[in-house]
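Use the sequences and the hints to build the structure in full.
Each chain is listed here by its residues.
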Amino acid sequence: MSISEFFHMGGYAVYVWSSYGLAFVVMLAIFIKPVLTRKQIIRELRMKYRQQERQQQDNAQAEN
Amino acid sequence: MKLPAIVHKFSSPRNFYVMSGKLIPWFAWPCLILLVAGLYYGLIEAPADYQQGESYRIIFIHVPSAWMSMMIYMVMAIAGAIGLIWRIKMADIVASASAPIGAAFTFLALVTGSLWGKPMWGAWWVWDARLTSELILLFLYLGFIALQASIEDPRNAARAGAVLALVGVVNIPIIHYSVEWWSTLHQGATITKLDKPSIHISMLIPLLLMAVAFKLYYAASVLMRARSELLKREQNARWVREIVANES
Amino acid sequence: MDAKLSTAFWALLKRDLRLAYRHRNELLNPLFFFVLVVMLFPLGTSPEKELLMTMAPGVIWVAALLASMLSLDTLFRADFEDGTLEQITLSPHPLSVLVLAKIIAHWLVTGFPMILLAPLLAVFMYLPDEGIGVLMLTLAIGTPILSLIGAIGMGLTVGLRRGGMLLSLIVLPLYIPVLIFSANAVNTYLADLAIRGQIYFLMAVLVLAITLAPIATAAALRISLE
Numbered sequence: 001m002s003i004s005e006f007f008h009m010g011g012y013a014v015y016v017w018s019s020y021g022l023a024f025v026v027m028l029a030i031f032i033k034p035v036l037t038r039k040q041i042i043r044e045l046r047m048k049y050r051q052q053e054r055q056q057q058d059n060a061q062a063e064n
Numbered sequence: 001m002k003l004p005a006i007v008h009k010f011s012s013p014r015n016f017y018v019m020s021g022k023l024i025p026w027f028a029w030p031c032l033i034l035l036v037a038g039l040y041y042g043l044i045e046a047p048a049d050y051q052q053g054e055s056y057r058i059i060f061i062h063v064p065s066a067w068m069s070m071m072i073y074m075v076m077a078i079a080g081a082i083g084l085i086w087r088i089k090m091a092d093i094v095a096s097a098s099a100p101i102g103a104a105f106t107f108l109a110l111v112t113g114s115l116w117g118k119p120m121w122g123a124w125w126v127w128d129a130r131l132t133s134e135l136i137l138l139f140l141y142l143g144f145i146a147l148q149a150s151i152e153d154p155r156n157a158a159r160a161g162a163v164l165a166l167v168g169v170v171n172i173p174i175i176h177y178s179v180e181w182w183s184t185l186h187q188g189a190t191i192t193k194l195d196k197p198s199i200h201i202s203m204l205i206p207l208l209l210m211a212v213a214f215k216l217y218y219a220a221s222v223l224m225r226a227r228s229e230l231l232k233r234e235q236n237a238r239w240v241r242e243i244v245a246n247e248s
Numbered sequence: 001m002d003a004k005l006s007t008a009f010w011a012l013l014k015r016d017l018r019l020a021y022r023h024r025n026e027l028l029n030p031l032f033f034f035v036l037v038v039m040l041f042p043l044g045t046s047p048e049k050e051l052l053m054t055m056a057p058g059v060i061w062v063a064a065l066l067a068s069m070l071s072l073d074t075l076f077r078a079d080f081e082d083g084t085l086e087q088i089t090l091s092p093h094p095l096s097v098l099v100l101a102k103i104i105a106h107w108l109v110t111g112f113p114m115i116l117l118a119p120l121l122a123v124f125m126y127l128p129d130e131g132i133g134v135l136m137l138t139l140a141i142g143t144p145i146l147s148l149i150g151a152i153g154m155g156l157t158v159g160l161r162r163g164g165m166l167l168s169l170i171v172l173p174l175y176i177p178v179l180i181f182s183a184n185a186v187n188t189y190l191a192d193l194a195i196r197g198q199i200y201f202l203m204a205v206l207v208l209a210i211t212l213a214p215i216a217t218a219a220a221l222r223i224s225l226e
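In order, the protein sequences belong to chains S, E and L. For the first sequence, our numbering begins at 1 and goes up steadily by one. For the second sequence, our numbering begins at 1 and goes up steadily by one. For the third sequence, our numbering begins at 1 and goes up steadily by one.
If you are wondering where the hints come from, they were derived from the structure by calculation, not from laboratory data. Just to be clear, a hint being listed does not mean it is correct.
Unchecked claim - Which stretches of chain L does chain E cover? Using the computed rule of at least three CB atoms under 8 angstroms from a CB of chain E, they are:
hint	stretch
1	66 to 77
2	162 to 170
3	215 to 222
C-beta: ideal position from N, C-alpha, C; glycine also.
This is the structure we're talking about:
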């Protein structure tokens with residue numbers, strides 16, 4: 001089987017390749033989304049914790 | 001009924017986070033290997049079908065997606081029930097993390113079914129039993145997702161979702177049976193070649209490879225979703241602080 | 001059912017019926033809606049007798065589905081807002097049995113009138129006279145199922161501010177088997193074929209719904225009240 005034949009899919013190229021392409025895109029998106037949300041959550045939490053620490057330090061200084 | 005203590009210990013948020021972090025690569029890499037093998041056998045090795053030509057290769061996506069859509073709903077309902085009965089937070093998180101993945105597979109099963117149907121039936125949509133059931137299943141998923149999204153408190157959202165998923169599980173066989181009965185009644189001899197009774201071994205191998213790959217894919221991605229959800233929910237716990245601090 | 005539980009059951013049933021009687025104007029709305037939806041179909045397609053006759057059972061049943069879904073709002077909403085529902089959950093009796101009393105009362109004032117209206121709609125849709133009996137029979141078995149399944153959805157969404165659209169998304173997919181078998185029973189009967197299978201199926205679903213739906217509704221209500 002030649003490469004052009006493979007991509008031609010016996011005339012059903014549009015249907016076969018759009019099925020596989022769509023499955024690829026959807027599955028990739030589902031897989032990547034939690035990676036991105038995780039990064040974002042960690043970034044947000046780091047800011048939050050820093051703020052909390054700063055507040056604690058300020059409070060400690062005010063008490064002194 | 002009481003669960004053994006070890007279950008609670010294992011399902012504590014921190015242990016779950018650590019364990020799942022170790023497990024994900026064990027799911028993800030075999031999944032990738034099986035996907036490549038399945039694509040190779042499915043697209044290159046398997047011969048063209050004598051009736052449908054090359055278009056039948058869509059079933060290597062369509063059928064595993066349809067299987068996954070059913071399986072994930074079951075997992076969702078079981079996890080929801082565990083969360084409802086034993087109040088295990090991780091089960092709740094797994095249930096709600098499964099829903100979007102299940103909906104995505106249902107959507108894939110529908111669209112690939114339609115893409116396969118166009119050259120076979122000459123129409124983008126035919127009220128065939130499998131496609132109709134998948135469409136209803138998609139709405140069950142969407143109802144679950146919408147219900148959980150509209151309840152603010154995560155505990156209540158999880159419990160309400162679990163009740164709905166359990167009601168759905170009781171209903172799915174009834175719906176499935178009714179739709180099947182309805183479709184045979186109205187269409188008689190429709191071509192339901194998507195599930196041929198005698199499938200040749202050269203087509204069965206890639207089908208099974210893809211099916212296992214999809215299951216591993218689900219396991220890896222549901223754990224990833226659960227982990228990031230866990231960080232958000234447990235943000236006041238000390239172990240989350242440690243993880244955030246260690247993350248570069 | 002011990003004596004006290006049955007007293008509570010009947011008391012709740014009577015209370016709901018009395019309340020429904022006091023607000024009887026509200027009860028007419030789902031019925032008007034039922035008629036209105038059916039009326040739209042001839043206007044949207046054509047008044048041809050042949051066409052309407054074949055569509056009649058399906059159209060009437062779709063309208064019944066929508067009307068009974070819309071009527072669910074009166075099932076728990078008022079009791080939820082004035083705190084009665086919370087009182088009911090605090091009673092020593094099993095909530096699922098009390099919920100069943102409420103569902104039965106609700107069906108008597110919404111589902112039951114729909115059965116009585118069916119002959120009128122059958123005339124609108126040119127349904128042959130011999131089909132009217134079967135249509136009413138399927139409504140008699142089917143509408144209680146709709147009320148029971150709908151109660152679960154209403155229990156889950158009663159505490160939400162915009163629960164209406166969500167309710168339809170949750171409940172309508174679960175109504176599908178009732179629609180398929182009921183509409184088909186009428187059509188099959190008109191084709192002079194046996195409909196025992198369809199009726200048995202509907203009865204089996206009704207029995208299943210009576211046993212399981214009150215439990216699920218009770219669980220849903222407890223979650224909504226938290």
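* Asked: Out of the numbered hints, which ones does the structure contradict?
  -> Hint check: 1 fails alone, others pass.
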